[in-house]
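Using the sequences and the hints, build the whole thing.
Here is how the chains run, residue by residue.
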Amino acid sequence: MNALPAEQSLPGKVLHEESYLREGFTLRSWLLTRDHKRIALLYMISITGFFFLGGAAASIIRLELLTPAGDVVDAETYNKLFTAHGVIMVWFFLIPSIPATLGNFLIPLMIGAREVAFPRLNLASWYIYTLGGIFVVITLIAGGVDTGWTFYTPFSTLFSNSNVVLAVMGVFIVGFSSILTGLNFIVTVHRLRAPGMTWFRLPLFVWANYATSLILVLATPVLAMTLSLVAFERLTHIGIFDPALGGDPLLFQHLFWFYSHPAVYIMVLPAMGVASEIIPCFARKQVFGYRMMAYAILGIAIIGFLVWGHHMFVSGQSMYASIAFSLLSFLVAIPSAIKVFNWTATLYKGSISVSGPMLYALGFVGLFTIGGLTGLFLAATALDVHLTDTYFVVAHFHYIMVGGTVMAYLGGLHFWWPKIVGRLYPENLARIAAVTIFIGFNLTFFPQYLLGAWGMPRRYHEYAPQFQLLNEFSSTGAAILGIGYLLPLGYLTWAMLRGARAPSNPWGATGLEWETPSPPPKENFAVIPRVVRGPYDYHPSGASAPSGASAEPQA
Amino acid sequence: MSAPAEHFESAERQHQAAELGMWVFLATELMFFGPLFLGYAYGRWSFSEGFAAASRHTDVVIGTINTAVLLTSSLFVALGARAVKLDRGAAARVLLLCAAGLGAVFLVLKGLEYHDEWREHLVPWLDFRFARPHQHAAAMFYFLYFGMTGLHAVHLTIGIAVMVVFAVRLGSGPVARLENQIDMGALYWHFVDGIWVFLYPILYLVERHG
Amino acid sequence: MSAGLETPLQAASTLGTTVDVLFLTMLGVTGAVAIAVAVCIGYFTIRYRRSSGADRSNPPSRVRWVEVTWTATPLIIFLGIFLWSSAVFSQFYRPPRDALRVHVLAKQWMWKVEHDNGRREIDTLHVPVGRPVELIMTSQDVIHSFFVPAFRIKQDVLPGRYTSLWFTATRSGHFSLFCAEYCGTSHANMGGGITVMPQAEFAKWLASGPEQAGLAARGFEIYRRVGCSGCHEPTSTVHAPGLTGLYGRPVHLSDGSTVVADETYIRDSILQPQKQVVAGFAPVMPSFQGQLDEDDLIALIAFLKSRARPP
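Residue numbers (our numbering), protein chains in the order written: chain U, 1 to 555; chain Z, 556 to 765; chain A, 766 to 1076.
The hints are simulated quantities; they were obtained by calculation from the structure and are not laboratory data.
Even for Gly, the Cβ is constructed at its ideal location relative to N, Cα and C.
Do not rely on the hints blindly, as some may be mistaken.
Reference excerpt, derived from the structure (chain U facing chain A, CB under 10 angstroms, subset only) [stated by the list, open to error]: (1) P243; (2) L250; (3) F282; (4) G289; (5) F330; (6) I334; (7) A379.
Here's what the structure looks like:
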């Protein structure tokens, strides 16, 4: 047990009573900050910008797909649009979203620390992200790239006439931002937990981001090298992926998916962490099966490294490899199923209030369940033969990433908004937005399951006329979804400027972050707390319980 | 600077954090090199004769000397880190500078080796020529050779710079303040050396006399 | 874009019908789970809403038997589906011996089809009902994918090697063919149709094309023209492996390994002869890279397949 020095309250230092937002108003104080909370906001602004940029691409895509003919943009432009949409949404929105904004803001608070382990590295990671983003914007201005976000060879290396090298450089760069974030979180969770904060007293949000960080640091470097090889091949025609020179295009696919499958768990695990914070709070009940939830998170992360070949069932890979990957893909679904059942069981005998965050969290559980169940269709090799490369896959991953991750991200933003900006948002608008988004989302993407099963391939700017009606539903839904996303952009910004001031703990939630003022001061805690209880110490039948830690002054 | 950074409760905690951070970073480096090793294995398996023919043209003399140079440098780094712990700043300076020097010797020899390979038309994108029928396999071998040794050399250069900075800073102020940093630097140096320990046999020794 | 070709809800191939049974079963199972989860969430949210006076005493935080059940049950169901699907999937890789062979060459942005007798078509494929058809496919440029939704089949078509798929159509009609691997600008227009005809009609159709040497005959002409016969005939003074009965036979290589002479082996031997040298022979065969295009290679392979061992 680490003995604490008597003075944990920064001797000789003037404690900042002010919120971290008031620690300097200059641009310099933001751009050179080492405060994890400010860095989180820097990320939030950047990823919001990219979200709407990727969303703009999606809007044009759905507009084009309203009719079977390719009459809005030409084929090449359409191909560049879906590539931009994928590259931006995957690497510049989804992967950083929860970890770099909510994770950066909350992890030190949740574990009772003042900062992450390497604050300057944290700031560097945001600058690297921005540099990668600049490369992508330059790529778009230079005319875009048309390979799809998957950059399959030999099209990307030998045949595409677009800005492939620029694009992969942008992704290469932003990968290092992810790696540094992951490295920081791993060391922070291992070495900066407050006294008494044992591993099994950590909130599941921390577990989720920790497991995500393991994937970030181990998988992303493989992507970096793979994209470097694509760039080299394109520039020098060595032949690694060119069959005429003895290379193998399937080698690229193995290397690419070895990263990109774990990447989808990078995108969904933090969302699961958010759900596990919101649901117990608004059900006033301990999460069901806390330990299993933590083990399931680790299980998903580990097994997730072993299933990449399920993206390649019809690629020409060996039948036996496909069967092995299929088995592992079914197995990785088990821990996810356990989590869904545990969230549902948390509601049993709870005392539930259907607040804005709760609507988002329950929406997450429902939509993630549907997305996960359809993943089983794709894990079944015989079915995947028909369904792969159709809109069924597009629907599947949007259910998880948009119905899942984006809804959880929005839920988390709402839940912690009072803590982050110190003001309350309008709850009714939040509920309206959540419902609008839920309806718009389902209208957009459920028809795509039907389109895919019926046979409509993906990445098509024109399609056979029998697919039109379902596409019309989908595009209409997209319009509603777009409006739904604009609502929180509006009222959360409004709340930040003019909302009612928030108390420390507006929701009566457990967790160390709620022990601090809203917003917290720069050092987070005047006195490092000593943790004596586990997380989620809620009581449904009584008033809200004391929070999960007691800030006992040190002897 | 013996007081820990503000958010660490003790210097020991900060040291532990730095050490874990370095190990995690080294894990990412391993995963970064990984695809190149995989590409090498794939090439060895798919074009065994072509790779064998290509690998006979690597300069095993320079390669072996360089291996000895690098291993010795690691010894000096380890001794230097130990000297710091025994508070012998002057000895540590000399040892780290020797290590950096040996690292520089490695780079010079590598540079000579690259120059020779360029003259022998073995650089894939600069007038590459190799006897038929193995020209494609050989191009792939040398692409991996230059890629892996080049990446290794970049990492080694960073290591040399870091050691020189340590040596300079050891000259002023208490030695103990640098102990943690030098430990981390040593870990990094040993990792770079470790990568070379794998590169040497696969690039110079396999199928040499096949 | 070929209009008027349908993707019917009922599969039009033998394997497709099997796949549909699996699909509907999956739909039933996953639908049941989705509904169960939704109902539970909805029910709990309403019954245990804050203002309700429902009994909340002793809320469980662990119920071992329930947890074991909801872990083991999905596991067993998943394993069952995995085994079923793997069995069906392996049938995709076992074309019947008497399958009609057709060669497909994919290129940006069209499908070039050639039947054994030399009859060619572009973006369409005529096949008989009730007879297995095997497609031997390669690409001239990037990766494409041959997708016939009605048959529930799909297979990526790669440059530099041959991939295959097979099906037995169960009824006549026109069925959509799509390219299902993004391949550049006109990927969406790289479609076409499969026309399934009664067997007698198909035979008539096959025979009625423009007069053209069959694939094997064309291959024989190339075999002589570019000089293969100069080394590979038994009368040659050059010591080269004989090619009679080569296709499908195991070949011993100089590095000690053994491979089966399939389409890809033959193609590689012509284009990259040093890649796999036959044991006991010097590596002196020149490469024909650049001299022969994909059509020529398909013809040569067909010729070699026709050269069976004399009894």
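Hints versus structure:
| no. | hint | in the structure |
| --- | --- | --- |
| 1 | P243 | holds (2 angstroms) |
| 2 | L250 | holds (8 angstroms) |
| 3 | F282 | holds (9 angstroms) |
| 4 | G289 | holds (6 angstroms) |
| 5 | F330 | holds (4 angstroms) |
| 6 | I334 | holds (6 angstroms) |
| 7 | A379 | holds (8 angstroms) |
The structure fails none of the hints (numbered hints given earlier).
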